[in-house]
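K.L.:
Sequence:
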Amino acid sequence: MPKMMPKVKTLREKYPKLNIMVDGGLSPDTIDTAAEAGANVIVAASAIFGSDDRQGVIDALRDGVKKYTTAR
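Position one of the sequence shown corresponds to residue 908 (the working numbering), numbered consecutively onward.
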């Protein structure tokens, strides 16, 4: 939900150490948007269980979060 990302960004700015969870529509194609906004806890059941490469999806999601959380 791209329209929610400004809220995630505001939370991240106010609470840099807070765990911020995003659920819904997350996949390797959308993880960068959520992680860049500040999400660091990801719920992505459909992307994982709907894939033939579940571990690959999990790795891509982790890598996306790490890319932005290590920069903080």
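Everything labelled a hint here was simulated from the structure, so no lab data went into it. It cannot be assumed that every hint is accurate.
Across the chosen pairs, the derived CB separations fall in these ranges [unchecked claim]: (1) K921 with G963: 18 to 24 Å; (2) G963 with K924: 28 to 34 Å; (3) D959 with N926: 27 to 33 Å; (4) D936 with T976: 30 to 36 Å; (5) D959 with Y922: 25 to 31 Å; (6) G932 with G963: 28 to 34 Å; (7) S958 with M912: 19 to 25 Å; (8) M928 with Q962: 20 to 26 Å; (9) K916 with K973: 14 to 20 Å.
In the SDA-like style, the derived pairs of lysine to any residue whose C-alpha atoms are separated by at most 20 Å in a straight line are [stated by the list, open to error]: (10) K973 with E920; (11) K910 with G963; (12) K973 with G963; (13) K914 with G963.
Because the structure is a prediction, the values reported are computed rather than measured. Note that beta-carbon positions come from the ideal geometry of N, C-alpha and C, so glycine has one too.
K.L.:
Each hint: holds or not?
P.N.:
Consistency of the hints with the structure:
Against the hinted window of 18 to 24 Å, the Cβ-Cβ separation of K921 and G963 comes to about 34 Å, which falls outside the hint. A C-beta distance of roughly 30 Å is found between G963 and K924, which places it inside the suggested range of 28 to 34 Å. Remark: the range hint 27 to 33 Å for D959 to N926 is upheld by a beta-carbon distance near 30 Å. Distance hint for D936 and T976: a CB-CB separation of about 19 Å, inconsistent with the stated range 30 to 36 Å.
With their beta carbons about 37 Å apart, D959 and Y922 fall outside the hinted range of 25 to 31 Å. A hinted range of 28 to 34 Å for the beta carbons of G932 and G963 is inconsistent with their spacing of about 18 Å. Taken as a hint, the range 19 to 25 Å holds for the pair S958 and M912, whose Cβ atoms sit roughly 24 Å apart. Range check, M928 to Q962: about 22 Å between beta-carbon atoms, so the 20 to 26 Å window is met.
At about 18 Å, the CB distance of K916 to K973 agrees with the hint of 14 to 20 Å. For the suggested pair K973 and E920, the alpha carbons sit about 18 Å apart, so the restraint of at most 20 Å is met. Restraint check: the Cα-Cα separation between K910 and G963 comes to about 27 Å, which exceeds 20 Å; the hinted pair is violated. Distance check on the hinted pair: K973 and G963 sit about 15 Å apart at the alpha-carbon level, within 20 Å; holds.
Of the pairs offered as hints, the one joining K914 and G963 is violated, with about 29 Å between alpha carbons and a cut-off of 20 Å exceeded.
Checked against the numbered hints above, the structure violates hints 1, 4, 5, 6, 11, 13; every other hint is satisfied.
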